[in-house]
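Peer 1: Chain by chain, the residues run as shown.
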Amino acid sequence: MSDSIVIKCRGLVKGKAEGEALVAPTTLSFWGEVDPISGRIIASGHPLEGKSLRGKVLVIESTKGSSATPLVIGLAHAEGNAPVALVNINVDALAVLGCVVNNIPMVSELERVPFEIIETGDHVSVDADNGIITVTKK
Amino acid sequence: MELTAEQQQIMDGAKGAFLAKCMRWLVEWGAAMGARRLIPVTNTHALVTVPGNLVWGANQKTIDNAMTLLRPACQHRVCCHSTTHITFAHEEQYDEIEMPQEQVEAQLEVMEMAREAGFLMTYTCAPYLVGNVPLKGEVCAWTESSAVVYANSILGARTTRHGTESAIAAALVGFVPEFSVLLDENRRATLQVDVTAQLRTPTDWGALGYFTGKIAGLDVPVFQGTPQPSQEDAKQLCAALATGGGVTMCHIVSVTPEAATLEQALGGNPPKLKVTFGDSELRDSYSQLRIHTGDAIDTVILGCPHASLNEIAEIALYLKGKRLADELKLWVCTAYATRANAERLGYAKMIYDAGGYLFCDTCPTNSMRLDAKRIVTAGFKQAHYARNMIKAEVIVDAVKGCLDAALTGRWSYVG
Chain A
1 MSDSIVIKCR
11 GLVKGKAEGE
21 ALVAPTTLSF
31 WGEVDPISGR
41 IIASGHPLEG
51 KSLRGKVLVI
61 ESTKGSSATP
71 LVIGLAHAEG
81 NAPVALVNIN
91 VDALAVLGCV
101 VNNIPMVSEL
111 ERVPFEIIET
121 GDHVSVDADN
131 GIITVTKK
Chain B
1 MELTAEQQQI
11 MDGAKGAFLA
21 KCMRWLVEWG
31 AAMGARRLIP
41 VTNTHALVTV
51 PGNLVWGANQ
61 KTIDNAMTLL
71 RPACQHRVCC
81 HSTTHITFAH
91 EEQYDEIEMP
101 QEQVEAQLEV
111 MEMAREAGFL
121 MTYTCAPYLV
131 GNVPLKGEVC
141 AWTESSAVVY
151 ANSILGARTT
161 RHGTESAIAA
171 ALVGFVPEFS
181 VLLDENRRAT
191 LQVDVTAQLR
201 TPTDWGALGY
211 FTGKIAGLDV
221 PVFQGTPQPS
231 QEDAKQLCAA
241 LATGGGVTMC
251 HIVSVTPEAA
261 TLEQALGGNP
271 PKLKVTFGDS
281 ELRDSYSQLR
291 IHTGDAIDTV
301 ILGCPHASLN
311 EIAEIALYLK
321 GKRLADELKL
331 WVCTAYATRA
341 NAERLGYAKM
351 IYDAGGYLFC
361 DTCPTNSMRL
371 DAKRIVTAGF
381 KQAHYARNMI
391 KAEVIVDAVK
401 GCLDAALTGR
411 WSYVG
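Protein sequence lines, in the order shown, are assigned to chains A and B.
The opening residue of the first sequence carries number 1 in the working numbering; numbering runs sequentially from there.
The opening residue of the second sequence carries number 1 in the working numbering; numbering runs sequentially from there.
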């Protein structure tokens, strides 16, 4: 068992969740770039193309684009295919709304740059209530 | 967040469990976004529909899920002028788009319930074309990112970018959390775009928006040096700005109500970044959405965002007396109200006679499994999303280029 890394952050949407990290230092539009039912990223050329969001802690710069963002999160959530937590650098109001409505914890304002620490496949535990994420390297 | 006595009572359940939940959504959302209070809202635009058809892979579970929001919501009355965003099929088009019976039934139920609740079912992504035209300073809660940019930037109204749940909640409780462009300090321009390119068509304005949206992030751009835009120019600019990134508003010097001058738009501050949109940037924007392996095309989509009556008239008069290429599909998308007017004026018939289709309440990208291999469209927004959602090659061009392609079945670069 490798050591855990603890990073302080701001809890935007309360709750706790953990899962495998899905990491890309880029943006993602849920509308048009994510299949709402399967929770898969369908955008051609996106660094996470083909990956499933199911059960993942999504570590990206921010979401962007359409106001259908909360709706797509909700549809994926209803199918059990949504991410379990969002770790974002920039805060897109629509992702926050999607997380509020679907009870998905979301954090931002990390004290360290997550892309320098977290890699896809690492185990990440998100505690938005206390503003802490814990990373266990794969 | 500080709540008034009335807001706290709604949160505590004085108006029932569903409105308490709506209030909680607005409060938690606002708190996360740094809002300090909720303020009254007088105009909303919300998605009030069952989920769409094939692209969305809607099934009984997704219908049930939507109904768990819409049934309790429609037990209440809206507090203010509330129009509706697109749906996924007009009632005359259920067969056309092969909409399954259970979705048709659910949609008919929603329309009945929503009317009783006081929603005005405009079913459009461009409510400002069919009578929802908020005034300068009016606090709104609009969904549809292109319409949000239009409301803030062209009309001077104030709305953050809403999702389905927040817009419906705002319509029912009459409040929104005060953050983002609802506050003066967040409406000032931070990114200056000097426009030196010649903008000849609405699609050229879309190219400007697409370019700027990609570099703007969450910044507020100001455009200087543009000609006076038409309503269609402004529509394309706003839609493309919201496509490339997360823009909520922009300023066009001497057009935006808060931007009589560049200095006023910037609020007396220097811009964080200054860029130029010249002829090479214009060409680059187009070339990003003109990646194709051949010239034969099978589908042309116009009306993204929904076409104005003026655009429909132009399309109809261009097609009058002509025939589209064999097997070619031309979809012109618009609001029901606009289509009704186009039918009355004879423009709809000109489009039908040429072999085209005037599709209302929705657009094929949202509602159909389009069997298309190569699409030409005049909207940068449509082109951007259709690439992934339809998995077709997509070419963006001005309306005239799209119509020439529809008539010949081929698209070629004219310049």
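Think of the hints as simulated: they come from the structure by calculation, not from any bench.
Accuracy of the hints is not assured; some may be wrong.
[As the list claims (entries may be wrong)] Straight-line alpha carbon distances no greater than 30 Å define the calculated DSSO-like cross-link-like pairs of lysine-lysine that follow:
1) B:136 - B:272
2) B:400 - B:373
3) B:21 - A:51
4) A:14 - A:138
5) B:320 - B:400
6) B:21 - A:16
7) A:51 - A:138
8) A:137 - A:16
9) A:51 - A:16
10) B:136 - B:61
11) B:329 - B:274
12) B:61 - A:16
13) B:274 - B:136
14) B:272 - B:320
15) A:8 - B:272
16) A:8 - A:51
17) B:349 - B:322
18) B:274 - B:214
19) B:320 - B:61
20) B:21 - A:14
21) A:8 - A:138
22) B:322 - A:51
23) B:320 - B:274
24) B:214 - B:322
25) B:15 - A:51
26) A:51 - B:136
27) A:14 - A:51
28) B:61 - A:14
29) B:15 - A:14
30) B:136 - B:214
[Said to hold, decoys possible] Incomplete in silico selection of chain A near chain B, CB under 7 Å:
31) 24
32) 42
33) 45
34) 66
35) 67
36) 75
37) 89
38) 94
39) 96
A virtual CB, placed ideally from N, CA and C, is assigned to each residue, including glycine.
Peer 1: Each of the hints needs a verdict: does it hold here or not?
Peer 2: Evaluated hints:
Restraint check: the Cα-Cα separation between residue 136 of chain B and residue 272 of chain B comes to about 26 Å, which is no more than 30 Å; the hinted pair holds. Proposed proximity of residue 400 of chain B and residue 373 of chain B is supported: the alpha carbons are some 21 Å apart, at most 30 Å. Between residue 21 of chain B and residue 51 of chain A, the direct Cα distance comes to roughly 33 Å. Violation of the 30 Å bound is thereby established for this hinted pair. Under the criterion of a C-alpha separation no larger than 30 Å, the hint pairing residue 14 of chain A with residue 138 of chain A is consistent with the structure, at around 26 Å.
Distance check on the hinted pair: residue 320 of chain B and residue 400 of chain B sit about 14 Å apart at the alpha-carbon level, within 30 Å; holds. Restraint check: the Cα-Cα separation between residue 21 of chain B and residue 16 of chain A comes to about 21 Å, which is no more than 30 Å; the hinted pair holds. At roughly 18 Å between alpha-carbon atoms, residue 51 of chain A and residue 138 of chain A fall within 30 Å of each other, so this suggested pair holds. Restraint check for residue 137 of chain A and residue 16 of chain A: satisfied, since their Cα atoms lie roughly 19 Å apart, inside the 30 Å limit.
The hinted pair formed by residue 51 of chain A and residue 16 of chain A meets the criterion: a straight-line CA distance of about 23 Å does not exceed 30 Å. A distance of roughly 41 Å separates the Cα atoms of residue 136 of chain B and residue 61 of chain B; the hinted pair therefore is violated under the 30 Å criterion. The suggested pairing of residue 329 of chain B with residue 274 of chain B is violated, with an alpha-carbon distance near 42 Å, which exceeds 30 Å. For the suggested pair residue 61 of chain B and residue 16 of chain A, the alpha carbons sit about 26 Å apart, so the restraint of at most 30 Å is met.
Using a Cα cut-off of 30 Å, the hinted pair residue 274 of chain B and residue 136 of chain B holds, with the two alpha carbons roughly 27 Å apart. For the hint pairing residue 272 of chain B with residue 320 of chain B, the CA-to-CA distance comes to about 49 Å; that exceeds 30 Å, so the pair is violated. With a C-alpha separation of about 29 Å, the suggested pair residue 8 of chain A and residue 272 of chain B falls inside the 30 Å cut-off, and the hint holds. Taking the CA atoms of residue 8 of chain A and residue 51 of chain A, the gap is near 27 Å; set against the 30 Å cutoff, the hint holds.
A threshold of 30 Å between alpha carbons decides the hint, and for residue 349 of chain B with residue 322 of chain B the separation of about 12 Å falls inside it, so the pair holds. Of the supplied pair hints, the one linking residue 274 of chain B and residue 214 of chain B holds, its CA atoms being roughly 14 Å apart against a limit of 30 Å. With a C-alpha separation of about 45 Å, the suggested pair residue 320 of chain B and residue 61 of chain B falls outside the 30 Å cut-off, and the hint is violated. The straight-line distance between the Cα atoms of residue 21 of chain B and residue 14 of chain A is roughly 16 Å, inside the 30 Å bound, and the hint therefore holds.
The hinted pair formed by residue 8 of chain A and residue 138 of chain A meets the criterion: a straight-line CA distance of about 20 Å does not exceed 30 Å. Our distance criterion of 30 Å between C-alpha atoms is broken by residue 322 of chain B and residue 51 of chain A, whose separation comes to about 47 Å. The hinted pair formed by residue 320 of chain B and residue 274 of chain B fails the criterion: a straight-line CA distance of about 45 Å is larger than 30 Å. At roughly 39 Å between alpha-carbon atoms, residue 214 of chain B and residue 322 of chain B are farther apart than 30 Å, so this suggested pair is violated.
For the given pair, residue 15 of chain B sits about 43 Å from residue 51 of chain A by alpha-carbon distance, which is inconsistent with the 30 Å threshold. The suggested pairing of residue 51 of chain A with residue 136 of chain B is violated, with an alpha-carbon distance near 44 Å, which exceeds 30 Å. At most 30 Å may separate the alpha-carbon atoms for a hinted pair to count; residue 14 of chain A and residue 51 of chain A meet this at roughly 26 Å. Proximity of residue 61 of chain B to residue 14 of chain A is assessed by CA-CA distance (about 27 Å); at most 30 Å being required, the pair is judged to hold.
In summary, the hint linking residue 15 of chain B to residue 14 of chain A is supported, as the alpha carbons are separated by about 25 Å, within the 30 Å threshold. At roughly 27 Å between alpha-carbon atoms, residue 136 of chain B and residue 214 of chain B fall within 30 Å of each other, so this suggested pair holds. The beta carbon of residue 24 of chain A comes no nearer than 16 Å to any beta carbon in chain B, farther than 7 Å, and the hint placing it at the interface is violated. Restraint check, residue 42 of chain A versus chain B: the minimum CB separation of about 5 Å is within 7 Å; hint holds.
A distance limit of 7 Å between C-beta atoms decides the matter here; for residue 45 of chain A the minimum to chain B is near 9 Å, and the interface restraint is violated. The beta carbon of residue 66 of chain A is positioned within 7 Å of a beta carbon in chain B (closest approach about 6 Å), and the interface hint is therefore held. Given the 7 Å rule on beta carbons, the hint for residue 67 of chain A holds: about 5 Å separates it from the nearest Cβ of chain B. This hint holds: residue 75 of chain A has a C-beta 6 Å from the nearest C-beta of chain B, less than the 7 Å allowed.
Interface restraint check for residue 89 of chain A: the shortest CB-CB distance to chain B comes to about 11 Å, outside 7 Å, so the restraint is violated. Because the beta carbon of residue 94 of chain A sits about 5 Å from the nearest beta carbon in chain B, less than 7 Å, this interface hint is met. Here the hint on residue 96 of chain A is kept, as its CB sits about 5 Å from the closest CB of chain B, short of 7 Å.
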